[in-house]
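K.L.:
These are the residues of each chain, in order.
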Amino acid sequence: MDVSGIIASNAAKYQPVEVEKETPLEVDPGLLLVTDLNPIDQEGYNANLEEHLQSLARDGVQALLASLFSLPTQRSDEGPLAQLPPPTTALPRAKPLPKPKPPTKWEQFAAAKGIQHRKRDKRVWDEERQDWVNRWGRDGKNKQVEEQWITEVPANADVDHDPRKIARDERKAKVAKNEKQRLGNIARAQGANPRGVRKEEIERTLTTARISTASMGKFDKKLDGEKKVRGVKRKFEPTEKSLSEEKNTSLALISKMGSEAKKMRREPAAEESVLNVRKAVRFAGKTRGGAAPARGAARGRGRGKGKR
Amino acid sequence: MRPLTEEESRAVFEKLANYIGKNLIHLIDRPDGAYCFRLQKDRVYYVSEDTMRLGISVARPNLISLGTCFGKFSKSGKFKLHITALDCISKYAKYKVWIKPNGEMPFLYGNHVLKAHLGRITEDTPEHQGVVVFSMNDMPLGFGVTSRSTVDTRKLDPTSIIVFHQADVGEYLRDEETLF
Numbered sequence: 001m002d003v004s005g006i007i008a009s010n011a012a013k014y015q016p017v018e019v020e021k022e023t024p025l026e027v028d029p030g031l032l033l034v035t036d037l038n039p040i041d042q043e044g045y046n047a048n049l050e051e052h053l054q055s056l057a058r059d060g061v062q063a064l065l066a067s068l069f070s071l072p073t074q075r076s077d078e079g080p081l082a083q084l085p086p087p088t089t090a091l092p093r094a095k096p097l098p099k100p101k102p103p104t105k106w107e108q109f110a111a112a113k114g115i116q117h118r119k120r121d122k123r124v125w126d127e128e129r130q131d132w133v134n135r136w137g138r139d140g141k142n143k144q145v146e147e148q149w150i151t152e153v154p155a156n157a158d159v160d161h162d163p164r165k166i167a168r169d170e171r172k173a174k175v176a177k178n179e180k181q182r183l184g185n186i187a188r189a190q191g192a193n194p195r196g197v198r199k200e201e202i203e204r205t206l207t208t209a210r211i212s213t214a215s216m217g218k219f220d221k222k223l224d225g226e227k228k229v230r231g232v233k234r235k236f237e238p239t240e241k242s243l244s245e246e247k248n249t250s251l252a253l254i255s256k257m258g259s260e261a262k263k264m265r266r267e268p269a270a271e272e273s274v275l276n277v278r279k280a281v282r283f284a285g286k287t288r289g290g291a292a293p294a295r296g297a298a299r300g301r302g303r304g305k306g307k308r
Numbered sequence: 001m002r003p004l005t006e007e008e009s010r011a012v013f014e015k016l017a018n019y020i021g022k023n024l025i026h027l028i029d030r031p032d033g034a035y036c037f038r039l040q041k042d043r044v045y046y047v048s049e050d051t052m053r054l055g056i057s058v059a060r061p062n063l064i065s066l067g068t069c070f071g072k073f074s075k076s077g078k079f080k081l082h083i084t085a086l087d088c089i090s091k092y093a094k095y096k097v098w099i100k101p102n103g104e105m106p107f108l109y110g111n112h113v114l115k116a117h118l119g120r121i122t123e124d125t126p127e128h129q130g131v132v133v134f135s136m137n138d139m140p141l142g143f144g145v146t147s148r149s150t151v152d153t154r155k156l157d158p159t160s161i162i163v164f165h166q167a168d169v170g171e172y173l174r175d176e177e178t179l180f
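Top line first, the protein sequences correspond to chains A and B.
If you use the numbering used here, the first sequence corresponds to residues 1 to 308, in order.
If you use the numbering used here, the second sequence corresponds to residues 1 to 180, in order.
Each hint should be verified, as a subset may be incorrect.
List time: in silico DSS-like cross-link candidates among lysine-lysine, alpha-carbon distance up to 27 angstroms [unchecked claim]:
id: 1; chain 1: A; residue 1: 241; chain 2: B; residue 2: 15
id: 2; chain 1: B; residue 1: 100; chain 2: B; residue 2: 78
id: 3; chain 1: A; residue 1: 247; chain 2: B; residue 2: 41
id: 4; chain 1: A; residue 1: 262; chain 2: B; residue 2: 22
Derived by calculation from the structure, the hints in this document are not laboratory data.
Fair warning: this is a prediction, and the values are worked out from it, not measured in the lab.
Full structure from sequences and hints, please.
P.N.:
Structure below.
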């Protein structure tokens, strides 16, 4: 029996499994991505666009599926799962590179003087205990004096001389100073001159104080060198502007207001649309002698002098 | 006389939109000539272009009034609508209330509209909505704000207030000297 005809007709129904292109397709199974670098076939494109695109897509998907079937698989309840390799195509990052941190005051000084940064170990050697101890933190060396169970007191010391308190205050002062410098560094990084900020604050307080009298500062005694308070200069559109322009700005403002109102209006929940909570509270309050139910419950009695 | 700043326009438009909603566009974009809003001594005037151009030549202290006065800005920057704006509002009003002949006089003397005086009301008017008050033969008498929605008014007793009074045409006589 000759089956070659049947085989040929069967083969004609299906397209070949291997995709042959001038430039081979680039497949990145990690991202499930196929890139076709071949130039566009002008004739096929012009003749029938839809068919051309479909055949291109078919080739791409075929190549992708072929690569997926060649991957190692893993068994699962839903059938075998292909294990995707890590992607090879580098995607651009979504966000811009983070800006470098502005240098602190110490870093600026060190750079100017050429001081190299030396990393200090967190632990130091304790001769007495013959062990490594923390420089700070739990059982830190900086707390050694205040945690001693007995301390020497100098002969001429006051009655209330407390070496533990002195050591502790010293340590706490260092912490406070460091915190202040840290905040100063942050403020400087924001572009604010801390002295300038403080000056502005004082000036603002002064202006407020000057107009906070009964006459709004009109009849106050003027001090030497006191400057006149200057307000914000207002600026208005000219009266004789072209009216069509004015109309357009008005219409734009109205449409903006409309879209704002739409944004503000949230979708009411299903139960909310049926029940007006405010009204329900009011009606419930009426039946119980004028007190809102929640208020009555909170007081633990039915009748109370609540606000209607 | 000067045009409104954006903040002022917003205050005016918000107040007007309370009564006429989207129809506000028809006040600004009119087919029968250009109209604009102008501010003079805290009062907002709705003026045609010609009148406005004539008014430019009058010095600010000498200019008493021009066009239609729509209302005035309070010292705290809130906008208050005057009864003189009624003509423009009543044409485009979204929600209306008609009152019976026996309720006209009390309303024109500055009282709120009671349920007993209510003739008709626009269907599905919400609570606290700006409405224009008409007499039964469709003459605009003033405007106000609803105290209840249309549905809720049915359950109320006849002496309860339906529309809070804001302005009525009686003010043309009562506040003659400050109105325009």
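K.L.:
For each hint, tell me whether it holds in the structure or not.
P.N.:
Here is what the structure says about each hint:
1. A:241 <-> B:15: This hinted pair holds, its Cα atoms lying about 25 angstroms apart.
2. B:100 <-> B:78: Not OK: residue 100 of chain B and residue 78 of chain B at ~33 angstroms, beyond 27 angstroms, violated.
3. A:247 <-> B:41: holds, 22 angstroms
4. A:262 <-> B:22: With Cα atoms ~13 angstroms apart, residue 262 of chain A and residue 22 of chain B stay inside 27 angstroms; holds.
In this structure, the one hint that does not hold is number 2.
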